[in-house]
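Student: Each chain, letter by letter, is given below.
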Amino acid sequence: MLAGLVIGLALALASQARWRLVRGLVTVYVEVVRNTPLLIQIFFIYFGLPLVLVKLPAFVSGLLALTLYGAAYNCEVFRAGLEAVSHGQHEAARSTGLTAWQEARYVIVPQALRISFPALGNNLVSLVKNSSLVSVIGMVELMFVANDISFNNFRSFEVYGAAVVYYMVIVLGLSRLLSVMERRVLAKSVA
Amino acid sequence: MQWSVVPASLPYLLQGVRATLLLSITVLVTGTALGALWGMLRVCPVPAIQRGMTALIEGVRSIPLLLQMFFIFFGLPALGIQMPVFLSAALAMTLWMAANFAEVIRGAIESIPHGQFEAASSTGLTYVQAMRSVIVPQALRRMLPPFVGLCTILIKDTSLASIIGVFELTRATQETIERTFRSFELYLAVAAMYFVICFALTSLSRILERRLGSPGRVVLVGPAVME
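Residue numbers (our numbering), protein chains in the order written: chain A, 1 to 191; chain B, 192 to 418.
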């Protein structure tokens, strides 16, 4: 999640860059990642990459896929946040003699972060849910074998039922926490 | 690399595309219908119903779709409810779609200024009439972009159905890979197929957004939110 945040922010800043090539590359990356299923991305990294590059362990593959996926979505959120900062702020920053880097660091990004906060929270919650997909690359073989009925014993109901409850507790708790934090952040921006 | 496997297995993969679209369209119809019902109940002015629907919608939304599928396909047989895979996947996705679409509806309806309600009721319209002829027509425009976004996510998420064994594009790919061992080329090709389908939809959404003008502030799940 942290890596996804950092990469997402970096990509979003790059999408504001002056060079058209950089902007184009970021757009392609974001659109490709957002328009293909996460599951396919996970499979590609875990099963596809070994043919040409390296074999990554399941955990690293899953982490990499989730990070890249989260980064693309966070990039969109940050981009919207950066674009929501009014133009006058850029001009004011420049007129006080800040360099482009200082302007981004002290003026634009802090405001954009605040604007992006609720949507980032949403992405975090989705990420928790999407992490369930990573289990698949550890489980595919199991699933093929387990297609027979013996798997459908009484335990599966309880196990999956418990998992449902765990996810609900985590996700609902997280969204509650986020909405409290959101209120804090928004309150601060008004003050 | 051996790119020749891609054209060679194209007919089989296209069967997968067809099955993916079939599943998507099925869920689109059922999920949207159920979601519309849930959404209207969610915003109805009876507090008890509102609370119940909130619990239901938030409950469904907080569970990963994959887990819902597992629960329905592997878990429910313990209660004597056994369903074929396609039905299990379609049911799980319908619930998922309904919960998310209900939230889109709520977001759109709550974004209509309250004065509209007051104006409608002061002209003597009943709640249902006000909803039908004043609120919903305005809200529909605001729903459209996030709705198309949901459809994109829906198509991407049909790939999850492959895990419980539904034959669709991802499953077709896996079967082809088991035969040919060319996972790199095939996953890349299939990613491209998903991309074409989904990108067409997101582009459509962008065109619609421009055509409809900016409909005020749409606060809820735009296509930028991942799910």
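Accuracy of the hints is not assured; some may be wrong.
Unchecked claim - One side of the interface only, derived from the structure: several residues of chain B facing chain A at Cβ under 8 Å: (1) W194; (2) V196; (3) L247; (4) E249; (5) M274; (6) F277; (7) E301; (8) H305; (9) F358; (10) F375; (11) L379.
Treat the hints as calculated values from the structure; they're not laboratory data.
Note that the Cβ used here is the ideal one computed from N, Cα and C, for glycine as well.
Student: Evaluate each hint against the coordinates.
Tutor: Going down the list of hints, with the structure as the test:
1. W194: violated (12 Å)
2. V196: violated (11 Å)
3. L247: violated (12 Å)
4. E249: Holds - the Cβ of E249 (chain B) comes within 8 Å of chain A, reaching about 7 Å at its closest.
5. M274: Violated. Min distance 11 Å.
6. F277: Check failed: Cβ of F277 (chain B) comes no nearer than 14 Å to chain A, outside 8 Å.
7. E301: For E301 (chain B), the interface hint is violated, since the closest Cβ of chain A sits about 15 Å away, which is over 8 Å.
8. H305: With a closest approach of 21 Å, the H305 (chain B) hint is violated.
9. F358: violated (13 Å)
10. F375: Given a least distance of 4 Å, the restraint on F375 (chain B) holds.
11. L379: holds (7 Å)
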